[in-house]
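Q: Modelling step: build the complete structure from the supplied sequences, incorporating the hints.
Protein chains: 4
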Amino acid sequence: MEREIFANISPLDHRYSVGNEELWQRMSDYLSEEAAIRYLAKVEAALAKALAAQGVAPEEAAEEISRAAGEVRPEEVIAEEAKTRHNIRALVNVIQAKVSPQVRPWVHFTATSADIIDSANALRYKEFTRDVLLPQLKELIGTLVEMAQREKDTLQVGRTHGQHAVPITFGYYLAGYVQRLGTSYQRIQEAAENLRGKMAGAVGAYNASSLVVEDPLALEEQVMAELGIKASPFATQVVEAEYMLALMHEYVTCLGILANFADDMRHLQRTEIGEVGEYFAPEQVGSSTMPHKRNPWNYEHVKSLWKTFLPRIMTVYMDQISEHQRDLSNSASSRFLAELAAGCVLAMNRLNQVTKKLRVDAEAMRRNFAASARMIVAEPLYILLASKGHPDAHEAVRVLTLEAEKTGRPVVELAKSKAELEPYLAQLTTEQWKVLEDPAAYTGQAARKTELICNHWISQLNIS
Amino acid sequence: MEREIFANISPLDHRYSVGNEELWQRMSDYLSEEAAIRYLAKVEAALAKALAAQGVAPEEAAEEISRAAGEVRPEEVIAEEAKTRHNIRALVNVIQAKVSPQVRPWVHFTATSADIIDSANALRYKEFTRDVLLPQLKELIGTLVEMAQREKDTLQVGRTHGQHAVPITFGYYLAGYVQRLGTSYQRIQEAAENLRGKMAGAVGAYNASSLVVEDPLALEEQVMAELGIKASPFATQVVEAEYMLALMHEYVTCLGILANFADDMRHLQRTEIGEVGEYFAPEQVGSSTMPHKRNPWNYEHVKSLWKTFLPRIMTVYMDQISEHQRDLSNSASSRFLAELAAGCVLAMNRLNQVTKKLRVDAEAMRRNFAASARMIVAEPLYILLASKGHPDAHEAVRVLTLEAEKTGRPVVELAKSKAELEPYLAQLTTEQWKVLEDPAAYTGQAARKTELICNHWISQLNIS
Amino acid sequence: MEREIFANISPLDHRYSVGNEELWQRMSDYLSEEAAIRYLAKVEAALAKALAAQGVAPEEAAEEISRAAGEVRPEEVIAEEAKTRHNIRALVNVIQAKVSPQVRPWVHFTATSADIIDSANALRYKEFTRDVLLPQLKELIGTLVEMAQREKDTLQVGRTHGQHAVPITFGYYLAGYVQRLGTSYQRIQEAAENLRGKMAGAVGAYNASSLVVEDPLALEEQVMAELGIKASPFATQVVEAEYMLALMHEYVTCLGILANFADDMRHLQRTEIGEVGEYFAPEQVGSSTMPHKRNPWNYEHVKSLWKTFLPRIMTVYMDQISEHQRDLSNSASSRFLAELAAGCVLAMNRLNQVTKKLRVDAEAMRRNFAASARMIVAEPLYILLASKGHPDAHEAVRVLTLEAEKTGRPVVELAKSKAELEPYLAQLTTEQWKVLEDPAAYTGQAARKTELICNHWISQLNIS
Amino acid sequence: MEREIFANISPLDHRYSVGNEELWQRMSDYLSEEAAIRYLAKVEAALAKALAAQGVAPEEAAEEISRAAGEVRPEEVIAEEAKTRHNIRALVNVIQAKVSPQVRPWVHFTATSADIIDSANALRYKEFTRDVLLPQLKELIGTLVEMAQREKDTLQVGRTHGQHAVPITFGYYLAGYVQRLGTSYQRIQEAAENLRGKMAGAVGAYNASSLVVEDPLALEEQVMAELGIKASPFATQVVEAEYMLALMHEYVTCLGILANFADDMRHLQRTEIGEVGEYFAPEQVGSSTMPHKRNPWNYEHVKSLWKTFLPRIMTVYMDQISEHQRDLSNSASSRFLAELAAGCVLAMNRLNQVTKKLRVDAEAMRRNFAASARMIVAEPLYILLASKGHPDAHEAVRVLTLEAEKTGRPVVELAKSKAELEPYLAQLTTEQWKVLEDPAAYTGQAARKTELICNHWISQLNIS
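Residue numbers (our numbering), protein chains in the order written: chain D, 1 to 464; chain U, 1 to 464; chain B, 1 to 464; chain F, 1 to 464.
One or more of the hints may lead you astray.
Here are a few chain F residues that face chain B, going by a calculated C-beta distance under 10 Å [what the hints assert, rightly or not]:
{"hint": "1", "residue": "Asn-8"}
{"hint": "2", "residue": "Pro-11"}
{"hint": "3", "residue": "Pro-74"}
{"hint": "4", "residue": "Ala-202"}
{"hint": "5", "residue": "Val-285"}
{"hint": "6", "residue": "Thr-289"}
{"hint": "7", "residue": "Asn-295"}
{"hint": "8", "residue": "Trp-297"}
{"hint": "9", "residue": "Asp-319"}
{"hint": "10", "residue": "Ser-329"}
{"hint": "11", "residue": "Ala-332"}
{"hint": "12", "residue": "Glu-339"}
DEER-style ranges, computed between Cβ atoms [stated by the list, open to error]:
{"hint": "13", "chain 1": "D", "residue 1": "Glu-405", "chain 2": "F", "residue 2": "Ala-79", "range": "26 to 36 Å"}
{"hint": "14", "chain 1": "D", "residue 1": "Asn-455", "chain 2": "B", "residue 2": "Lys-406", "range": "32 to 42 Å"}
{"hint": "15", "chain 1": "B", "residue 1": "Glu-71", "chain 2": "F", "residue 2": "Ala-79", "range": "32 to 42 Å"}
{"hint": "16", "chain 1": "F", "residue 1": "Arg-367", "chain 2": "U", "residue 2": "Arg-409", "range": "18 to 28 Å"}
Covered by chain F, according to a simulated footprint, are these stretches of chain U (three or more residues, beta-carbon under 8 Å) [claimed, not checked]:
{"hint": "17", "stretch": "158-172"}
{"hint": "18", "stretch": "268-274"}
{"hint": "19", "stretch": "294-306"}
{"hint": "20", "stretch": "375-383"}
Please keep in mind that the hints were generated in silico from the structure rather than gathered at the bench. Nothing here was measured: the structure is a model prediction, and the numbers come from that model. Ideal placement from N, C-alpha and C gives every residue a C-beta, glycine not left out.
A: Here you go:
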């Protein structure tokens with residue numbers, strides 16, 4: 001069944017799919033309904049193999065069912081579901097129709113639908129995370145590592161409250177995102193590998209399998225081993241919500257870090273600041289009415305994705321509540337997790353594309369810093385006075401800055417003119433004077449720590 | 001550009017589109033990217049007409065541009081956007097290519113992109129609400145009105161805290177949803193009709209139009225009149241977020257009412273309660289492993305849609321913040337409003353389908369009530385004792401209920417056996433004794449108010 | 001029972017109460033537990049009066065109960081509740097103990113707890129809105145009106161995407177907030193006046209009152225009339241959630257507008273922009289380590305309040321779901337609405353305090369504008385060329401801006417040097433040339449519309 | 001400064017504080033403003049000690065400052081802040097006033113405010129979690145372990161979709177919460193121990209400390225070691241938001257599990273189900289108008305707390321965005337984390353109190369199960385037929401259940417009457433027949449797994 005792409009309702013399936021078709025296809029391979037059905041069939045196959053391995057079903061059942069499961073086409077299942085109005089029963093019927101009569105009883109044997117669905121989703125999101133999401137994230141981290149190392153000595157004014165504070169380097173700033181995203185990478189990976197499947201039956205007590213299998217827990221373990229995932233330590237009809245919630249929490253946490261970075265990149269492109277710039281193609285249009293505009297629209301887009309997808313974590317929290325041995329009110333909602341996953345990948349990908357081509361204007365950074373250098377010196381001056389024993393250095397310098405503001409004279413010059421400061425200033429070393437005379441040198445451990453962090457994550461994530 | 005439906009990522013574009021293709025198509029006509037482009041072209045046409053009407057552009061510009069706008073195909077715009085990377089400039093280029101050279105300057109003349117986008121969205125969501133969402137809601141209200149009138153005398157125990165309280169009628173219960181949904185209908189309608197467009201230019205100050213038009217506000221009014229919407233009283237580059245927020249708030253408020261109803265219907269289908277039942281087709285499967293199951297899955301589905309779509313209102317609130325004359329961080333997010341709108345319609349439609357065929361088991365309702373009738377009488381007994389002057393009637397009856405629980409004897413019988421209550425009981429009228437002897441008569445104004453409410457809404461909404 | 005303020009857990013009850021004790025006290029008069037109990041007693045008094053007026057209870061019951069209700073002290077109720085574990089029964093007991101034995105039966109007669117609680121809350125939030133919140137909002141709007149009028153001609157560059165676009169005036173910018181907040185004021189007022197009470201008994205069907213009153217709906221109307229609020233058209237045990245939800249939605253919508261304004265004020269104080277400044281006391285400290293810092297901390301505070309209180313609207317939406325004739329899961333949550341209400345008032349108050357003293361640096365605004373003036377001219381140039389019939393004016397000017405960027409020459413100067421533009425430029429009027437030569441004149445309807453909007457709201461809200 | 005408790009605005013500081021004063025006091029010791037100031041002073045002391053240990057400050061500075069920090073009274077700081085309008089500068093001034101002049105320069109030396117605040121919060125929430133929250137949670141888990149073991153063989157019908165499914169035991173149900181809460185306990189603990197402090201100065205680059213200390217990272221490590229917390233691997237002015245976010249995520253995840261349990265307990269108390277009951281004191285009132293009511297109000301309360309506090313996690317996610325080296329918009333919001341923490345503890349405590357006294361009605365459980373036993377047998381029958389080779393057992397049994405519904409005859413009896421089933425039924429073992437004749441035996445691994453889980457967590461959490 002085909003459809004014109006632009007007739008779709010979700011922007012994920014029209015606008016944001018044609019923007020990067022190759023990436024979209026890679027996501028669809030895990031997140032679409034086709035993919036979901038493929039993974040369900042995989043679990044039915046794994047169950048058949050485990051049943052045979054445990055001596056419950058004959059060996060041929062394992063073979064036939066595995067083969068049949070591999071041949072299932074989504075359309076068949078959808079067509080059958082129109083009759084049964086039950087998607088897993090439909091899948092089972094489709095598989096059964098592909099095997100010999102004597103093998104049919106062993107299809108889905110002892111399983112409840114949720115055994116198949118939850119195990120399939122655990123596997124599906126685990127593999128999606130490993131094969132699509134984490135590689136995107138790693139590539140972005142790699143881009144940031146490279147830039148951080150390159151810009152580790154590029155002077156930039158530090159900004160707190162939007163006000164010039166004291167200097168850092170632009171590389172140091174970037175290293176912060178390497179650190180946060182690196183940590184996020186590891187936590188996402190851990191959460192994905194901790195997803196759980198189950199084969200514990202209709203209410204989680206292995207009722208059906210206990211009738212026909214010696215050790216139902218061993219059967220469950222074997223199915224999970226076939227799939228390469230872990231079993232839930234205690235399921236009802238469904239796996240406890242917390243494992244998937246943990247993964248989605250890590251997804252949106254990562255999205256929050258991306259949004260923070262995107263937000264900064266937007267602001268650094270403000271006309272008055274202009275420290276970085278998105279690449280602009282010669283034929284590209286910034287505004288339909290203002291021909292001169294060059295907007296930071298890609299970073300704005302990432303922030304918009306954050307606003308779109310962050311609130312969806314609320315749904316996942318709400319799905320923790322499922323009555324007794326389960327109610328179905330988490331069914332539709334859990335299908336929409338695919339959108340959340342796709343949204344996070346789109347943000348990573350866009351951020352990487354635009355950041356790779358980011359124009360860094362070190363000259364503008366230096367110019368902006370210079371405009372405040374005379375005031376910025378207030379902090380090192382206060383620290384140095386205090387270090388020489390001035391009992392009230394902060395207040396003394398604060399008063400100097402007010403005078404500097406009023407008179408326009410540099411703070412250090414004013415300091416030198418004050419008799420009461422003279423005894424302390426006299427004790428400063430040459431090295432310390434250097435910072436007061438040239439506050440651009442006041443970058444502390446910025447360059448050193450940039451290196452430390454980059455090297456740490458190059459090694460942790462095997463970045464080449 | 002076509003694609004297999006089940007390759008889509010959003011459940012809206014695969015599973016929940018094939019479930020009801022006719023409804024989905026009706027939504028796509030307003031909510032898809034194709035639809036969005038069609039509405040954008042409509043606004044360009046309206047602008048051209050208004051420019052001509054105001055004597056700014058020649059009459060032929062209005063004609064040619066209107067015609068060209070009507071001929072725009074989404075694929076052309078998408079193809080052009082690949083070059084310009086700006087969707088409105090792409091649309092303008094496509095229209096310009098379809099008109100004579102002397103008319104080209106008047107395409108999009110004085111407008112900024114957001115003039116077109118925001119006006120198109122106001123019109124689009126207004127028409128979607130009027131043509132798709134409200135009819136669905138009205139049909140559901142009609143279904144409930146019919147049931148409420150039919151069941152207005154059907155005794156049901158009232159439940160507070162999940163405990164039997166005092167009786168109502170099932171029709172009265174339903175009338176509550178007629179009232180809440182009727183009110184919601186009117187508020188949605190009002191909010192949709194209050195959506196705003198704009199033609200105020202790049203920063204909202206009519207800078208461009210002021211150069212070439214006598215009264216730019218009149219030009220804006222004329223464009224809006226062409227479209228049948230109102231103008232924003234004060235726009236920046238974009239219309240103030242509050243108008244669309246108000247509509248989306250009304251959407252999710254309605255969804256909350258639907259979810260409340262669905263939740264109750266779930267619980268009334270509990271095995272122990274069994275007062276209503278979803279229709280079950282003979283060939284339908286309830287569980288892949290428990291052949292006897294008949295689950296309230298449609299109502300569960302509606303609750304799940306509520307959990308899925310409610311949190312998305314957070315995005316709309318977050319989009320109230322747009323820096324200075326606007327930042328673009330509401331761009332992607334506002335595209336996803338289409339999903340929210342579709343989710344609400346799906347919930348309405350599903351609820352209507354399943355409620356129309358709802359099996360009401362009046363016998364079960366009566367049986368459940370009967371089980372508590374002996375205790376339920378506690379309230380009327382207390383009220384009647386108090387009305388005859390008993391100074392502490394609530395406490396007296398509360399103690400009787402404890403005794404009734406312990407002994408299993410009916411509360412009224414116990415009351416009659418207490419000498420201190422005798423003087424008060426002696427004053428009761430025959431009518432009042434009737435309620436104590438048959439608590440099923442204790443339904444107050446249930447039937448009367450059911451009629452009042454149903455008639456009110458039949459008339460308000462013109463329900464036939 | 002007294003307690004050290006700084007031992008409190010909620011910042012509302014320690015830090016943000018001592019910051020403005022007078023305002024806090026005014027809020028406590030409506031939002032505290034003491035206030036809640038006072039309002040509950042008011043409803044009991046109104047019920048007694050209505051019972052007497054309807055001839056159900058004797059006149060002395062109305063008098064005694066009203067008096068007793070007026071004398072209730074919170075501590076009495078709390079003490080009694082320790083016994084009953086039911087707060088309304090506790091209140092009823094306390095009132096009963098203050099009246100003569102023959103009047104005792106009429107206390108709370110025919111009412112269920114929720115009749116009292118919901119009616120009290122409707123009245124309480126209505127009066128809180130009218131007496132505390134709206135006056136704060138009006139004062140802020142007044143401040144903005146005054147500033148907008150004063151600055152209506154103050155040139156400021158318009159910013160979209162954080163980039164210089166075309167000019168507005170600062171007064172025009174402020175008028176936008178007058179418009180949005182004025183609309184919000186009216187919607188809050190409307191929602192507060194539309195709160196509903198009820199006197200429909202345990203399950204909303206007037207079961208108890210039907211036993212003893214001719215027309216229970218008339219009794220309910222009379223109670224509401226005594227209180228000055230409207231009755232719910234259909235209650236279960238509780239008033240439908242949507243009325244209070246509508247008010248809370250308007251509260252947080254207003255908070256979103258405040259946050260947008262605060263956000264802009266933060267950014268306009270960026271070191272590189274410096275167009276406005278918060279008042280800074282001579283003895284005030286900006287940073288504990290950087291003596292020169294002057295941070296926009298008040299506006300940051302308002303944004304932080306928005307982040308704190310906006311998500312709480314989710315709770316109110318979730319409370320739409322109450323099973324059958326009600327479950328109690330909205331009880332604790334609705335008590336916390338007091339925090340949401342207080343948070344909004346704090347934001348209004350803080351914003352007003354700091355905005356009143358805001359330093360506007362018109363010189364900085366002009367300087368920032370000037371830096372881009374040569375590029376800004378691109379829009380009027382394109383519009384004017386198009387108006388004279390140039391078939392591709394936008395593209396022609398876009399190419400000029402690229403050249404301008406490369407060469408540093410002004411766009412207009414470049415335009416004059418292009419032979420192909422000559423025929424169009426030759427047609428420009430003197431007035432039109434004026435804008436090209438001095439883009440500061442390109443402010444469109446900014447000043448005019450500022451006046452229109454301010455005058456509208458001065459009249460609507462009776463601002464003196 | 002004292003205040004009447006019931007004048008407070010937050011229910012946390014009035015109603016829910018007097019309900020359990022001892023617990024509230026324990027929370028206040030960590031979560032109040034007084035507590036916050038005490039922890040800030042601790043960090044100042046730790047910094048002084050580390051400065052001395054690193055040879056930067058004299059030993060007497062460490063001693064005097066530690067002593068002074070221990071003597072700081074909140075009121076002093078508040079009073080000083082009224083002047084400085086900066087809370088950390090106020091604290092520093094107060095400490096400085098308590099030490100000798102020559103020690104004064106070393107107070108707060110090289111630190112920025114956020115060094116103190118973030119380190120104090122890390123320590124404060126770590127200790128609050130360890131000393132208050134986790135003990136509450138552990139006590140609740142202990143209660144559940146005890147009940148689960150006691151009820152491990154108590155038959156209960158499993159419920160999916162609110163419909164009777166197949167049986168479990170009530171102890172097995174409880175074991176599920178032992179498992180989920182046990183896991184949550186460990187994750188909360190881990191997140192609390194992973195909170196981070198910092199001593200990296202105004203923009204995180206150790207600018208100030210680099211002027212006067214050999215290795216600023218070593219100084220930071222030493223301060224953290226004094227406090228017993230870890231240092232942030234990369235801070236700006238503030239610690240990365242993700243560490244605190246992780247803890248708050250674990251808090252609300254736990255709250256979701258509690259709410260799920262509370263929800264089930266509500267439903268099991270429905271009049272028609274009646275399998276458990278909250279303890280009801282003899283003098284307790286269930287309803288102010290229905291003297292017979294016994295409501296599950298404590299469990300309803302816990303669900304209400306969940307609705308109140310869950311959405312607040314959105315604030316914590318939103319606080320991930322802080323511009324450049326930080327903006328202050330996370331300041332007020334992070335103060336309100338204290339409310340979220342308190343809300344979670346209140347839910348744990350309430351749940352434990354009421355669950356400890358929970359009345360379990362095994363007889364009602366058995367009665368409810370019995371009502372469906374004839375249908376429940378459908379699953380084991382289908383499984384057993386399939387295990388003997390029936391090619392379409394599910395469908396065969398599904399048809400039987402329809403017949404059973406229509407005729408009222410037991411499913412097993414019908415099965416025996418069908419000739420086509422005879423060959424399969426003939427092969428069943430005595431053990432297998434036992435389950436068909438007495439479905440109460442069909443509880444699978446319920447009892448065994450209950451033991452496994454309880455023993456695991458008794459050992460993991462050292463439950464006595």
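Q: Now, for every hint given, state plainly whether the structure supports it.
A: Right, here's what the structure says about each hint:
For Asn-8 of chain F, the suggested interface contact is upheld, since its CB lies about 5 Å from the closest CB of chain B, less than 10 Å. Checking Pro-11 of chain F against chain B by beta carbon gives a least distance of about 4 Å; that is within 10 Å, so the hint holds. At a threshold of 10 Å, the smallest CB-CB gap from Pro-74 of chain F to chain B is about 5 Å, leaving the interface hint in force. With a least beta-carbon distance of about 5 Å to chain B, the hint placing Ala-202 of chain F at the interface is held under the 10 Å criterion.
Annotation: interface hint on Val-285 of chain F holds; nearest CB of chain B at approximately 4 Å, less than 10 Å. Hint status for Thr-289 of chain F relative to chain B: holds, with the closest Cβ pair at about 4 Å, below 10 Å. Nearest Cβ of chain B to the Cβ of Asn-295 of chain F: about 7 Å, under the 10 Å cut. The hint holds. At a threshold of 10 Å, the smallest CB-CB gap from Trp-297 of chain F to chain B is about 5 Å, leaving the interface hint in force.
The criterion of a C-beta within 10 Å of any C-beta in chain B is met by Asp-319 of chain F, whose closest approach is roughly 7 Å, and the hint holds. Interface hint at Ser-329 of chain F: satisfied, since its Cβ lies 4 Å from the closest Cβ of chain B, which is below the 10 Å cut-off. Because the closest C-beta pair between Ala-332 of chain F and chain B is about 4 Å apart, less than 10 Å, the hint holds. Of the supplied interface hints, the one on Glu-339 of chain F holds, with its beta-carbon coming within about 6 Å of a beta-carbon of chain B, less than 10 Å.
Range check, Glu-405 of chain D to Ala-79 of chain F: about 28 Å between beta-carbon atoms, so the 26 to 36 Å window is met. Here the CB-CB span from Asn-455 of chain D to Lys-406 of chain B is close to 40 Å, well matched to the stated 32 to 42 Å. Taken as a hint, the range 32 to 42 Å holds for the pair Glu-71 of chain B and Ala-79 of chain F, whose Cβ atoms sit roughly 38 Å apart. Between Arg-367 of chain F and Arg-409 of chain U the Cβ separation comes to about 22 Å, which falls inside the hinted range of 18 to 28 Å.
With 8 residues bearing a CB less than 8 Å from a CB of chain F, the stretch 158-172 of chain U meets the requirement of three and the coverage assertion stands. Look at the stretch 268-274 of chain U against chain F: 5 of its residues bring a Cβ nearer than 8 Å to a Cβ of that chain, three or more, so the hint holds. For the stretch 294-306 of chain U, the proposed coverage by chain F is satisfied: 5 residues have a C-beta within less than 8 Å of a C-beta in that chain, meeting the threshold of three. As drawn, the stretch 375-383 of chain U meets chain F at 6 residues by the rule of a beta-carbon pair under 8 Å; at three or more, the given contact holds.
In this structure, every one of the numbered hints holds.
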